[in-house]
Each structure stands twice: as C-alpha cells, then as structure tokens.
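K.L.:
Spelled out from the first residue to the last, the chains are:
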Amino acid sequence: MTTLKLALVGNPNSGKSSLFNALTGEHQHVGNYPGVTVEKRVGRGHLDNTPFEVTDLPGNYSLSSFSPEERIARDELLHGGFDVVVFVADSTNLKRSLVLLTNLMQLHKRLVLCLNMADEAKRAGQKLDVPHMSRLLGFPVVETAANRNQGIDELRQMILKAASDPIPQNRLVYGERLDQALTKVRQALGDGEVEGFDPEIRDWIATRLLLQDEGLVFKGPTVEAAKAEAAKQREWLESQTGMDASLYITHSEFGFIDGMLREVTLHETMPDARATSDKIDRVMAHRVWGLPIFAVVMYVLFWLTFTLGEYPMGWIESGFDFLAEKVGSLWSDPSESVLASLLIDGIIKGVGGVVVFLPNIVLLFLGLAILEDTGYLARAAYLMDRIMHRFGLHGKSFVPMLTGFGCSVPGIMATRTLENERDRLTTMLVLPLMSCGARLPIWMLLVPAFFAPKWGAAVLFGIYAFGILVALLLAVLLRHTLLKGEEAPFVMELPPYRLPTLRAICHKMWERAWMYLRKAGTIILAISVLLWALSTWPKTDHYQVEDQLASGALQKVESIDKAAEAKEGQPKQVTETMIENMKKNEEVQNSALGHIGRWIEPLIKPLGFDWRIGTALLGAFAAKEVFVAQMGMVYSLGEVAEEEEEGGDADEKADDKGEKKDEAKEESTSGAATLRAYIRRDYSQATGLALIIFLLISAPCMATIAVTRRESGRWKWALLQFGGLTVIAYVLSFMAYHIASLFA
Amino acid sequence: MATEGSPVLTRALEDYLETIYEFARDHGYARVKDIASARKVQPGSVSPALKRLADLNLIKYERREYVELTEAGAIEARRVLSRHQILTRFLHEFLRIDAEVADRDACALEHQLSDEAMDGITKLFEFFTACPQSKSGFLELFHNCHLMNAANPRCKACTLPASDQPKLSIASLSPGQRGKVRNVSARPGIRQRLLDMGLLPDVEFSVERVAPGGDPVWIKLLGFQLALRREEAVGVQVEELP
Chain A
1 MTTLKLALVG NPNSGKSSLF NALTGEHQHV GNYPGVTVEK RVGRGHLDNT
51 PFEVTDLPGN YSLSSFSPEE RIARDELLHG GFDVVVFVAD STNLKRSLVL
101 LTNLMQLHKR LVLCLNMADE AKRAGQKLDV PHMSRLLGFP VVETAANRNQ
151 GIDELRQMIL KAASDPIPQN RLVYGERLDQ ALTKVRQALG DGEVEGFDPE
201 IRDWIATRLL LQDEGLVFKG PTVEAAKAEA AKQREWLESQ TGMDASLYIT
251 HSEFGFIDGM LREVTLHETM PDARATSDKI DRVMAHRVWG LPIFAVVMYV
301 LFWLTFTLGE YPMGWIESGF DFLAEKVGSL WSDPSESVLA SLLIDGIIKG
351 VGGVVVFLPN IVLLFLGLAI LEDTGYLARA AYLMDRIMHR FGLHGKSFVP
401 MLTGFGCSVP GIMATRTLEN ERDRLTTMLV LPLMSCGARL PIWMLLVPAF
451 FAPKWGAAVL FGIYAFGILV ALLLAVLLRH TLLKGEEAPF VMELPPYRLP
501 TLRAICHKMW ERAWMYLRKA GTIILAISVL LWALSTWPKT DHYQVEDQLA
551 SGALQKVESI DKAAEAKEGQ PKQVTETMIE NMKKNEEVQN SALGHIGRWI
601 EPLIKPLGFD WRIGTALLGA FAAKEVFVAQ MGMVYSLGEV AEEEEEGGDA
651 DEKADDKGEK KDEAKEESTS GAATLRAYIR RDYSQATGLA LIIFLLISAP
701 CMATIAVTRR ESGRWKWALL QFGGLTVIAY VLSFMAYHIA SLFA
Chain B
1 MATEGSPVLT RALEDYLETI YEFARDHGYA RVKDIASARK VQPGSVSPAL
51 KRLADLNLIK YERREYVELT EAGAIEARRV LSRHQILTRF LHEFLRIDAE
101 VADRDACALE HQLSDEAMDG ITKLFEFFTA CPQSKSGFLE LFHNCHLMNA
151 ANPRCKACTL PASDQPKLSI ASLSPGQRGK VRNVSARPGI RQRLLDMGLL
201 PDVEFSVERV APGGDPVWIK LLGFQLALRR EEAVGVQVEE LP
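So the sequences go chain by chain: A and B.
Oh and the first sequence: position 494 is 494 in the working numbering, straight run, nothing missing.
Oh and the second sequence: position 58 is 58 in the working numbering, straight run, nothing missing.
Source of the hints: derived by calculation from the structure; they are not laboratory data.
C-beta: ideal position from N, C-alpha, C; glycine also.
Careful, some of the hints might be misleading.
To be verified - Over the 10 angstroms line for every Cβ pair with chain B, so calculated as not near, a few chain A residues:
(1) Asn170
(2) Arg171
(3) Leu530
(4) Gln544
Said to hold, decoys possible - Derived DEER-like restraints, expressed as beta-carbon distance ranges:
(5) B:Glu140 - A:Glu214: 21 to 29 angstroms
(6) A:Trp455 - B:Thr129: 52 to 60 angstroms
(7) B:Thr129 - A:Lys716: 47 to 55 angstroms
(8) A:Gln240 - B:Thr129: 36 to 44 angstroms
(9) A:Leu482 - B:Ala130: 38 to 46 angstroms
(10) A:Glu214 - B:Thr122: 38 to 46 angstroms
Could you put together the complete structure from these sequences and hints?
P.N.:
Shown next as structure tokens:
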C-alpha cells in the first residue's frame, strides 16, 4: 500500500503543532529545510491501514514570496506532491485565519479544512453549520480540539475520504470585477505550458501575475502575453475600484470568507468572549507594570531552573561517578589500560559533563513551554520589542538571549520562536556572549585571583555587562553587514491566554531534551574522545620524577615531616599522591595537547598567555568549565610542585617565601584557593584581565558550535560564530592586556 | 499685473527697488555706484530709473551719491522681495530646482505673477511648512512617485481615493481611541502582511494600549488582537471614529 503524503498548512497560533502531534504521536522527525534556518517537521502514522507521512509546513499568513517561510511553504505545496492538504484554522478567529485558505483553493489540491480549537469557540458561543460550510467550499470540513484529542478520529476519516475522492472543483469566487480581470489574464495564458507548474493551476498563476509577485519566475510561450494582459488588467482594476491589485485581491479574499461565514454562522461569538484574557492583559501587558512583572517572571523561572535542577544534577553526577567506578573495577589496574582510560576519562567523563546539564534544560524548557502555550511569551515579545529593536533584534530575541545566561545550547534552541531567518541568525550568533553558567566557575577562580575582594562583585557584574554590550554591538554590526536586509516587521497576533495542556507541554519539553541529548551528545562524544586522545598520546614512558627519586633528589615518604622539610640540602619529601600528581603533570606536558599548547604559545603570547593557559583554553573548548580542571591539571596541585619551581631562585624569593607559605597553609583546605594563589603568582593583573575577556568572548564551547550548526542548517554560520568571536576576543584581549600593562 | 493701490512699476523698477532695499538693509545705505554694479549697468543709466522711482515717491533721490527709501518705497520693496524669496524657496525646496536656477527663475516670475496666483503659492508654501500633519513626508511621496519620475519604484498609495481629511495613521491614535482603516501603504512585503492581518479599507479597530516607551501599538480588530511597531503603524492611514 502506498504511503499517503499529507501536508499541514495554517497560520501560526492555529494549533497546527498540537494537531500534528495528535496525528503522529511520537513518530516525528524535526530538522531544517536544506540551507535555511526554517524548521521542517515530518511525522508518520496510519489512517486505518493506510500508512501516511505528514509534513508540518511553516506557519504562514500568506503564500507570497516575502519571507523564507512563505516561500518554502509555497514551494512545498506546489512541488511537494502532497495527496491531501489539511488546512488548520483557528475557530476563535475564523475570518482572519481562513483567508490563507483562499490561496490554497487555487492550487488544485485535495483539501480538508480543520476548524481547530472548536471547543474554545463553542464555549465563546459560536455555532457553525459545518455540513453547509463543506458544501459551499467543496471539500470536507471537520471541527477539532487537537490539544484535547477531540475530533481527531473524524479528521482521520475525512482525510481518507478526501484522498480517494477526485480533486474538487475550485469554488473560490472573487467577485465580478476581479474574476473578469483574472479570466482575461487566464485567456492570455491560454493552453501554453508554464515550465515546472501543473497545468491545472493556471488560475493561481494568473492571480500571481496580476499581483506581480516578483519572487516567482514563470517561463513559457504565452507567459509574456499574459504578463502584458495582467498589466492592462491592473490598470483597469485600479480605475474601476480605486484599489491597487494586491489590496483588491486581499479585499476580495476577505470578502469571500466573510460571505461564506455569514451563511454558515448559526450563532455568533459572544462579544465578551475575550473578557478574562483582556483583564489579565490589563495587568500583564501594562505600559508601566508590564516590564517589572516580566522581570519577576523570568527571575522565578531561572531561580527554579537552577535550584530545582541541583538535585537531579547531583544524582546524575554520582550516577556517572558510580558508572566510572564500576567500569574501572573491570580492570585490576585501570590506569594501565588504554581502553579503561578511554571509557572512563574520555567517554564517561566527557558525556557525563554534558548530560549533567540535562535537568537544567528540561526545567527551563518546561517553564518556557508553559509561558509559550499560555500566550505570555507573545506579550513578553511585545514588551521587549522597543529595546531589542534598537539593536537590530526582534522582541522575540529576548528570551533566548536571557536563556543564554544559563546555557547557550538551550538559548540557541529557543531561537526557534523567531519566525524571521535573519533575526534568528543574528540572535543565534551573538548569544554565546551571554556569560553562561559554565563560565561561572571560571569567574569564581579568576576574579578573586586577580582582584581585591572588595572589587569582586563589581568585576563579576562588569563581566556580564561587558558580554551584553559586545553582543548588542555585534548584533548591530551583523545587521549592517552579513545579515543586512529589510527588517522583519513586528506585526504579531496576540492570542488569548489559554490553559496549556500537560500533554503539549511535556511533548515540547521532551522534544528539546531529546534533541539536546542526541544531537549535541553525539558531537560532544566525538570531541571528548578527541581531546582525551590528545591528552593521552604520546605516552610518557619515562618520568623525570622517577629519575629524581632514583637519584635521591626526592624522597618518598608516607607523610611529609614538616620539620625535615625546612632543612636545606635534604632531599625533598614527597608522598605517593604527590608523585601521582607530578606524573600526571608530566603526561600532560608530553601529550599532544601539551605540545599544541606550547606550539600555540607564540600566538597567544601577545595576550600575556603562556602554554599552560593555552592548553586550558583548548580544554575550555570542550566545555567552558573544563578550563578550571585543566589549569588544575597543568599545575598538578601540590606544594612540591611549587617548591620545585621555586628551587632555583630560592634566595630571591626568600623575603616573601614565609608569607607565601602561610598563605598556602591557610588555603590548603581548598584546591581552588591554592590554584588561585599559583595563578596570582605567575600572571600579572593585565594577563588576568585579558584572560577574562578572552574566555568571555572567544570560541563558544563545542556544544554551542554543534547546536548552532544544527539550528542554522549550515556549517558556515557555526564556523563564522567560532572564528568571528575568537578574532574579536583576540583583538579585545590584546588591547586590554597592553592598556592594562601601561597602568600596572 | 499690479492691482489697485500699488503703484505701477515696471520689472526694471521693481528690481532697482529690491536692490536699494537690500543695500539699505545690509549696509545701512545705498550708493548709486553700488546699485549700478549690483544691477550690472553703467552708473549713468541708473539715474533715469532712480528719477522715476523718486517721482513715484518711493525713494528720496536728489542727484546725490546716496539713495534713501521712503516709507511707501520700503513697503513696496519688501513686498517685491518677499515674493522673490517665497518663489525661490518654492522652486528650490519644493520642486528641488538648483538654487541658482531657482533664484533666476524667481526673478523672472515675481514680476509676471498675478497677486492672486502669488497668494495661492504663498498659502500652499506656508501650509506645507507649518502644518504638523504634513510631516508624514508628503513631499517625499511626491518626489518618489512613480508617475512623476519613471525611475522611481511603483507606489501603491496614489490609486486610492483622495481624501479631504487630514492624514491620520494608527500611530497617531492613542489608547482608547477607535478608527477605521482608509488605506495601507508600506514596503511590498510588509504591506501584504498588514493586509493579510485584516488591515483593509473600512475595517474598524480600537487602540487597546501601547508598550513601554510607546512602541509597539496594540490594537483590536475583527475580534482578535494585534501588536505592530509604530514604523509599520504609520503606513496604515485611518480616520478616527467617535
């Protein structure tokens, strides 16, 4: 049995997605149309015994050529070969949402009209003569409430029935004058072939010619004549009606729908149907209170995300630790086995480091799904648009950017709410500049290391503010260069507040969570393994520590005898753990990663960075917080390492040595504090400033790159984001380092 | 040409009067040789003209070096000069004719134009420069109009019925006010979106509220709610409903 190809078309907010979910269940695939940042959803299922494949076309108000979404929906409808097209209309706003249907009626397709959200419309008092409507239109009409699973079975039956019926006659009537003009253009077109178009849709081609839709190219022997005729008819229509063609055609489309609705409406919607929603808006969308309320809503959302997320994060962490331990126990000595190292250090730790953010993502998207489905997000966009618009962004860019403070990955995924491709790309590209949660541990390490405690909070605030500033300036720059073009208009429908259904929200949440796990997970896995390999090979087969132990320069003891240590000339005492640490340090230095670190040193020297920072920066690419771990690794924490390095210039440092010892003792309780002390010792404040700026702006982590590639549909944008931000970071860090050095 | 009440002056005499007025205004005095050099004539040929002006009681000229305007002369000179200035500005600012050419053309026009026509031009000019409603760039519309200059892109606004009412757009209404759409003019893509949203002639709407900072505007029409930026809202011409 052949698979039935279905398409869903309709306005945004018509409940198209919930209908799609109701038809397909979980059998769906979400991706992008090739080369563009427009979401493509395809799902599968069965109608009785007939298998079907349904495509959810981008939500639209018209099928002209002005936006990529409109073009894609139109091209898919023209050339996608769909057996049945299901048009989804919002029952509570029929007049407006049915206008698009008139465009479809000319396309010579088997149509089914689905009046969604019928339950809500009925509650509001609307009553329609559905069979009569079906007779007037010439194709099946069904009332549904997809989010409550009502009317879906009937819809399925109607789709099957439509699929077996012949394609119905087009019953669209535009009115005397327009029909007369169209007939003339149609006659000029005659029976001439129009390349690449179904001969049955000449009515539609005639309408497009009359509209002068420049996004469509028609070729054929009679096209030029038809174009000339269309120009003549435009003049005639304008002289007759006082309206230009596009105005008059839209006017006539509304006229057709209005006339049809008048005939089938048994009872009108009560005038106060939206009273409750309006009352809520009087507070939530208030000119003065709207923004403070929005700030509180967002604050609560983030607070819940990060506090409630902590518990499952702890579980996941211990789960992965347990797993690592179990895997390790399969070997008698895991440190000897490369496979054990790959499994534990490469895969389990790499993937675990990503999966650990899953609770945050699930909670954040749960919150956002609730805000979106209630209709509040549309209000938020309305409230924020003025501010965002100044920087070439859209009101809807705000929530994704705010999400970026938690993590860039869900932030970039949340740009899906933006309809316009250019707005979406701009938001996506600058989003990593919002200092994410993974960068917080870095600030916690570096800020106290380079700045006095009293400045700590101010510096931290400054980092966040600087990120936002650079992001906004970059957005302006992008809109004037690469993503130049007409700005998307802010013409947005504000649907009434609705009580979201649990099913819809869980579906959205699960979809995003799964996407995070699967897509970002696979690429992260690959890069984790790569980084693991780089830091494992080449192997160190000869340790200097062992030489020193053998030569007596170091003495292995159970625990360090503080009194003995003070004596000059005595061999340095080291414990078992210290030796392990020193070995690890040597392994890192000898590994490919260590070599790369030294190799890129000349490149990062102008910023005041050395090879150690270089290796840590490479690690930060895997995940930002790895920077801290990597710095710890190259410094191979332990007092011995410090003394070893200081050994040569002991006299020189004698003065402050006592002081430093005390400090080290005080801070020995905390690894981070010790590391901080080393960092303070080895790097100037100017380097610190440059490092902070570099980490804030440069190369977003690989998960971000992966998700940008996924969401933008092209490697080009992901690489641009990676390269562009790194170059900007380099320039700004260079400037910061040299300017700060002048004042030091 | 000249109507009752104002003395009959030839074009040359008007020019002399203008010149004398300008010198008197700028330097405090006007000398015969200055007038001659400004008008680009021999000083000798100035005298007959000055004599005629003196006969008409417009200047005091007693074969001396200095010429003075009488009160009547000053009034007449100001009248001539203001005609010249308005015409120059009209030609330059409205019709965008090169400044120099405009000045020359104004000289030619100012003497020939009837007071009635001059009055009309003056009023039109004042209306466009002073009326707050004209700020919507009507003059721009004229200069960018496809019909006026084939190089311009086609504009859809001009085919709609003209209205004698001042131009109002959605953006000029405040929350609580109601209106009816008259016409929609915007860039093609945005215009189609506005039309698809139901902003069509004769559709009634009410302005519900505005966002912080006054932008976007939130309106209610055809039973649903729509937010649009002022940028887009100015393209929707409306009439206010009580």
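K.L.:
With reference to the structure, classify each hint as holding or not holding.
P.N.:
Structure-based check of each hint:
1. The Cβ of A:Asn170 sits about 20 angstroms from the closest Cβ of chain B, beyond the 10 angstroms cut-off, so the non-interface label holds.
2. For A:Arg171, the condition that its CB be more than 10 angstroms from all CB atoms of chain B holds, with the nearest at approximately 21 angstroms.
3. The claim that A:Leu530 is not at the interface with chain B holds, since no C-beta of that chain comes within 10 angstroms of its own (minimum 45 angstroms).
4. At roughly 65 angstroms from the closest C-beta of chain B, the C-beta of A:Gln544 stays outside 10 angstroms, upholding its exclusion from the interface.
5. Between B:Glu140 and A:Glu214, the C-beta spacing of about 24 angstroms keeps the proposed range 21 to 29 angstroms intact.
6. Distance hint check: the CB atoms of A:Trp455 and B:Thr129 are about 57 angstroms apart, consistent with the given range 52 to 60 angstroms.
7. Hint check: B:Thr129 to A:Lys716, Cβ distance near 51 angstroms, so the stated range 47 to 55 angstroms holds.
8. Our hint of 36 to 44 angstroms for A:Gln240 and B:Thr129 holds, since their Cβ atoms are close to 37 angstroms apart.
9. Distance hint check for A:Leu482 and B:Ala130: the Cβ-Cβ separation is about 44 angstroms, which falls inside the suggested range of 38 to 46 angstroms.
10. For A:Glu214 and B:Thr122, the hinted distance range of 38 to 46 angstroms is satisfied, since their beta carbons lie about 44 angstroms from each other.
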